[in-house]
Amino acid sequence: MKKVITYGTFDLLHWGHINLLKRAKDLGDYLIVAISTDEFNAIKNKKAYYPYEQRKLILEAVRYVDEVIPENEWNQKKKDLLHHDVDLLVMGDDWKGSFDHLAPFCDVIYLPRTANISTTKIKNELLLANAY
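All residue numbers for the sequence shown refer to the UniProt record's numbering, where the first residue is 1 and numbers rise by one.
No incorrect hints appear here.
No more than 30 Å apart at the CA atoms, straight line, and that leaves these computed lysine-lysine pairs for DSSO-like:
hint, residue 1, residue 2
1, LYS25, LYS121
2, LYS3, LYS56
3, LYS47, LYS22
4, LYS46, LYS25
5, LYS56, LYS78
6, LYS44, LYS79
7, LYS56, LYS25
8, LYS25, LYS44
9, LYS2, LYS78
10, LYS78, LYS47
11, LYS121, LYS44
12, LYS96, LYS44
For the record, the hints were derived by calculation from the structure and aren't laboratory data.
No experiment lies behind these values; they were computed from the predicted model shown.
Please construct the entire structure, taking both the sequences and the accompanying hints into account.
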């Protein structure tokens, strides 16, 4: 069985997220998604609309996702790869090169982001719509 893992906040789930999850799952047999906890987001100066438990529940309902785990800190990826016996780390290409140091533990692939969609774009558009 080929295990794949990806990381993210996955707030305001949209078709770009689904596209990433589908492509990640297509690369293996079992997809683990590590999502940033609220506490980790605070360290990153990010604020998710949905709290961790709700984001976890949403992702668990996505058919491409086999398991959801918490991401608590920047440096846990190596531990996750070893603990879950991961074969492939998949990240968006906006992170290109950032996780190459994990290549001794698994393959690392950076997938192109889905064009014209992001959580930030959605939040900005909602703010603009409410301004009128």
